[in-house]
Amino acid sequence: MVRLFGVGKEVFYRPQEIADLDLDPQLFQQLPGKALARILAHRDSATGKRPGLLRVQTMQQDSSIADPYGSYPIIENAFVSAKNKIHDAHASFENHELTLPIPTKLPLAESCLHATMGKKGVNARMYTPAHFEVTQRDEMVAFMQQHPFSLLISAGGGEPEATHIPLEVEQRGEELYLTGHIARNNSIGDMLEQAEASVLAVFQGAHAYISSSWYSQPNVPTWNYMAVHAYGHARIVREQAKITEMMQALLIKYEQGQAAPVKWDAVPEKLMDGLLKGITCFEIKVERMEAKYKLSQNRSQQDRLAIISRLETGSEGDREVAEAMRMIEQAQANRVFVTKTSQ
1 MVRLFGVGKE VFYRPQEIAD LDLDPQLFQQ LPGKALARIL AHRDSATGKR
51 PGLLRVQTMQ QDSSIADPYG SYPIIENAFV SAKNKIHDAH ASFENHELTL
101 PIPTKLPLAE SCLHATMGKK GVNARMYTPA HFEVTQRDEM VAFMQQHPFS
151 LLISAGGGEP EATHIPLEVE QRGEELYLTG HIARNNSIGD MLEQAEASVL
201 AVFQGAHAYI SSSWYSQPNV PTWNYMAVHA YGHARIVREQ AKITEMMQAL
251 LIKYEQGQAA PVKWDAVPEK LMDGLLKGIT CFEIKVERME AKYKLSQNRS
301 QQDRLAIISR LETGSEGDRE VAEAMRMIEQ AQANRVFVTK TSQ
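For the sequence shown, our numbering assigns the number 1 to the initial residue and increments by one for each residue that follows.
It should be emphasised that the hints constitute simulated quantities derived from the structure, not laboratory data.
Do not take every clue at face value.
Using C-beta positions, here's what the derived DEER-type ranges look like [stated by the list, open to error]: (1) Y127 to E159: 20 to 30 Å; (2) Q194 to Q301: 48 to 58 Å; (3) S212 to T244: 51 to 61 Å; (4) A142 to A260: 25 to 35 Å; (5) P166 to L271: 14 to 24 Å; (6) N334 to D190: 47 to 57 Å; (7) V262 to E133: 33 to 43 Å; (8) P268 to A142: 34 to 44 Å.
Note that CB positions come from ideal geometry on N, CA and C, so glycine has one too.
The whole structure should be built from the sequences, with the hints applied where relevant.
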């Protein structure tokens, strides 16, 4: 599986599906431009067959944004030079997009686009419109700590596998780790045994149904929610001292506050040894995080306040969403106040 990188999204092709576009490779070489290239294959929605067109889209990148992959194919301007070099009556160029016919056979040279094999890393993206995106690292870390029960996903064996487990967040200097354990017989453990297994941990917060009857204008219902995705590589923990340390910390954390908290030393040694032999401990070095708080930020203030009012009379989860929405409203009000007073 070959990945062709873009900004915010990726497209996946099998190697035999990638075409030799017969374009000048210099169009794709790394230049000090501001546009990044993305390849999108058009398929007929009814038949699923490729109609023979490929779209090359360029997108502007803010120079302050860090490149998570180390390098992108950078293209000068917006393919103006490409338009001049493609001599085909069917080629068109509009809105920074170039559409051109492609041959039936599809091998694209790596000299044209930066491509890496799938096993080199997790490069999927959560769909996140700008209104809902959270970029503050501290906020994402705090969210994971507050909602530790996660969905851990790995596709190292080809077919994705997932398991529901609590994960602990550990800050080690500048690096962030997630630690956890699974039953030794859990098949996802076989994937984690692979060297540098790529994984995705999904942390889900409160969520609630939003009826469009609460809006001031006719629209459709939706769902509000908060989630953080953490991507990285997993490593099996085999050091017995580390395993014991991890499990002790977990017990202390979740037993504190109980009327009669269970103490590590109170568990019979034979029982504890048996339990430890039945689990697989692991750690994930977090390489990338992304967060989405979909809390009606794209609605009018009138609609947002109406939604909050309705949710506050609902379930516990509804009220949590209402509280999060109120916090955003307050933060927005504070920003407006600061802006006005500084003028």
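Taking the hints in turn, this is what the structure says about them:
As the Cβ distance of Y127 to E159 is approximately 22 Å, the hint placing it in 20 to 30 Å holds. With their beta carbons about 50 Å apart, Q194 and Q301 fall inside the hinted range of 48 to 58 Å. The supplied range of 51 to 61 Å is met by S212 and T244, whose beta-carbon atoms lie about 53 Å from each other. Separation of A142 from A260 is about 30 Å and conforms to the stated range, judged on CB atoms against 25 to 35 Å.
Between P166 and L271 the C-beta distance comes to about 21 Å, which sits within the given range of 14 to 24 Å. Distance hint for N334 and D190: a CB-CB separation of about 50 Å, consistent with the stated range 47 to 57 Å. For V262 paired with E133, a C-beta distance near 41 Å keeps the hint of 33 to 43 Å intact. Range check, P268 to A142: Cβ separation about 37 Å, and the 34 to 44 Å hint holds.
Checked against the numbered hints listed earlier, the structure breaks none of them; every hint is satisfied.
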